[in-house]
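Colleague: If you're matching them up, the sequences are chains A and B in order. The letter at position 339 of the first sequence is residue 339 when you use my numbering, and the numbering goes up by one with no holes. The letter at position 106 of the second sequence is residue 526 when you use my numbering, and the numbering goes up by one with no holes.
No wet-lab data here; the hints were simulated from the structure. Note that this is a predicted model, so its numbers are computed, not measured.
Coverage of chain B stretches by chain A, computed from C-beta distances (three or more under 8 Å per stretch; other residues unrestricted):
#1 467-477
#2 497-506
#3 509-520
#4 523-533
Derived Cβ-Cβ restraints for the label pairs, each shown as a range:
#5 B:G652 x A:Q390: 52 to 58 Å
#6 A:D211 x B:G490: 49 to 55 Å
#7 A:D74 x B:L539: 50 to 56 Å
#8 A:E387 x B:L539: 23 to 29 Å
From the three backbone atoms N, C-alpha and C, an ideal C-beta is built for every residue, glycine too.
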Amino acid sequence: MTTDTSMPAGTPAGTPAGLTTDHSRASADGAHSHGLRPSTVPESSRAERRTSFDPADFPVPTGREEEWRFSPLDRLNPLFDATNEKLAAGGVLVTVVNPPEVTVEIVGREDRRLGTVGRPGDRTAATAWSSFAEATVVTVPPQAVASAATSIRIEGVTSDASAAHLLIHARELSEAVVVLDHVGAATLAETVEIRVEDGAHLTVVSIQDWDTGSVHASAHRTVVGRDATLKHVVVTLGGDVVRITPDAEFSGEGGNIESLGLYFADANQHQEHRLFIDHNVPQCRSRVTYKGALQGESARTVWVGDVLIQAHAEGTDTYELNRNLVLTDGARADSVPNLEIETGEIEGAGHASATGRFDDEQLFYLMARGIHEVDARRLVVRGFFAELVQQIGVPEVEERLLAGIERELETSMKLIEAAS
Amino acid sequence: MSTLEIRDLHVSVETKEGAKPILRGVDLTISAGQTHAIMGPNGSGKSTLAYSLAGHPKYQITGGTVLLDGEDVLAMTVDERARAGMFLAMQYPVEVPGVTVSNFLRTAKTALDGQAPALRHWVKDVKTAMEQLRMDPAFADRNVNEGFSGGEKKRHEILQMELLAPKIAILDETDSGLDVDALRIVSEGINRVRESGDVGVMLITHYTRILRYVQPDFVHVFVDGRIAEEGGPELAEQLEAEGYDRFLAKA
Ligand SMILES: Nc1ncnc2c1ncn2[C@@H]1O[C@H](COP(=O)(O)OP(=O)(O)OP(=O)(O)O)[C@@H](O)[C@H]1O
Ligand SMILES: [Mg+2]
Chain A
1 MTTDTSMPAG TPAGTPAGLT TDHSRASADG AHSHGLRPST VPESSRAERR
51 TSFDPADFPV PTGREEEWRF SPLDRLNPLF DATNEKLAAG GVLVTVVNPP
101 EVTVEIVGRE DRRLGTVGRP GDRTAATAWS SFAEATVVTV PPQAVASAAT
151 SIRIEGVTSD ASAAHLLIHA RELSEAVVVL DHVGAATLAE TVEIRVEDGA
201 HLTVVSIQDW DTGSVHASAH RTVVGRDATL KHVVVTLGGD VVRITPDAEF
251 SGEGGNIESL GLYFADANQH QEHRLFIDHN VPQCRSRVTY KGALQGESAR
301 TVWVGDVLIQ AHAEGTDTYE LNRNLVLTDG ARADSVPNLE IETGEIEGAG
351 HASATGRFDD EQLFYLMARG IHEVDARRLV VRGFFAELVQ QIGVPEVEER
401 LLAGIERELE TSMKLIEAAS
Chain B
421 MSTLEIRDLH VSVETKEGAK PILRGVDLTI SAGQTHAIMG PNGSGKSTLA
471 YSLAGHPKYQ ITGGTVLLDG EDVLAMTVDE RARAGMFLAM QYPVEVPGVT
521 VSNFLRTAKT ALDGQAPALR HWVKDVKTAM EQLRMDPAFA DRNVNEGFSG
571 GEKKRHEILQ MELLAPKIAI LDETDSGLDV DALRIVSEGI NRVRESGDVG
621 VMLITHYTRI LRYVQPDFVH VFVDGRIAEE GGPELAEQLE AEGYDRFLAK
671 A
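Could you put the whole structure together from the sequences, leaning on the hints where they help?
Modeller: And the structure:
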């Protein structure tokens, strides 16, 4: 299934306000229907969705909620804190390696810098906020140019439900790369606050490479200042259930968000990425590119990309793209781009979404030149991700990623051999 | 000196209504140094023959044999056939996003030879072959067939034929969609490979214009899934003048 919608520059005023599109449930067989569960609560605008720091404002999800309709609630249940006892603190070991230009602090939850970027938008984001004891704060001072990437290793040490909180603060005109690496076994509700001050250039990479059995819900909340650029990269490979909800907004004109995502789901994995970019300020730009591959029985991915262009956000330029490559039977990808446009005075707005099966014609073409099946598959899957990997621009992450893809491909060859 | 022997080949495709026979007993022997032109009306099964020889999974072999120097081609996987020396220049080459032409060519060469080609020679060979086919060097860094024009795709197929040096080359309508200059350039490419004397060529075409550049030793008229008549180059001229009516009536 392929859909492509775009509005060229200079779309005249009078474009119907609140234009939305919904392409849900793109699965391998090309089935395409609107709405999954019949009783899904309809929602008029993303702007009206509830936000709160208090878990009590978000009832424990039932699956009828728009934002939970694709999720495996039973497996996420430990993170809902249904009994309101709060999640444990300290379920993960956080190790930071930073260059001298970047400062790292461990602070208590009373620190006034925390909780200032956006607001929790769902139950797990609220339980994450209410449960953490200490937070890791990474600060790139004004005008500092980090000489190396800051690496934050978040290692799960218990499978008891726990919470973690991070704040990444890039001050005015600074430049830095911060890599979060989630490994080990955990059941974790997490918040990552990202504040990019005016003129700063920040790259944040979040790798989810958990051990089997792990469950992870992470709210990334971002604000991007005047003429600032955030490159936000999400890489999801390991873990039973990973649900990342990056929310972004702007605090000054000229802000730029480049959002890249790569995921690879195996049998029984659920990987969900729900983005929300709020064009709440004029003259800002956003680009979203997420690509995923799936293989194995009940491998499941969900991508939802909500973009809201508010009425006063003239000059907005946005484009979002999601592509999924289904490598075997039994896997399913859902892809839901959602563009709400409240003003016609924009530079451009569009989205594209496609979910396709592994193309046997490509495989045939390569093999007809003598290339072994394993290598041919590798070429095609690597090719699918190639451009995206190049865009990341952090060499150590690229290497890590290529190795991850390689590992997945070995699994995929085993599946194919087993099937034949 | 290689020989491809096709004996009484029967091939079906799976349709909603069940298996549909397309090839109904093809007999053809192609030896190195020979060029066989295959001409026939649309839908007569020419591409089916080409794809079946290359091992495309869509086609079911229901009878017959194909031997390359005595080896059972039909028992081989697609890649094994290529490594045994078979090459198919496709009527509709496939786009492979994210895989550059140079990476693709090097990977194919490595697979065929069982080892990576010596880098310096290989780079030169590719460059020379591209120049001779009047392909812009920029194509090396483009993704395989992605956004290539029809004619560019055909040149890219012949580029592969030159670099991979097969024993048996099957060219499925390589001339279709080429302008007059491209037709000459592509024909010269085919002839360079033919001059080695080590390749047998099956040239599937609708037009005699390519046969003026690439002179066939034999012309076969393909009708309704089998060869209806065989002759020399003069048969092609006759077909162009008279069409296929005579054969269709018989079939
Ligand atoms: N999936 C299918 N279902 C039904 N018929 C099919 C299917 N695939 C191929 N055919 C038929 O097989 C026949 C042979 O097709 P083929 O492509 O081999 O012809 P061709 O001789 O190469 O024609 P052309 O000159 O147009 O390239 C055609 O009639 C075609 O419609
Ligand atoms: Mg054909």
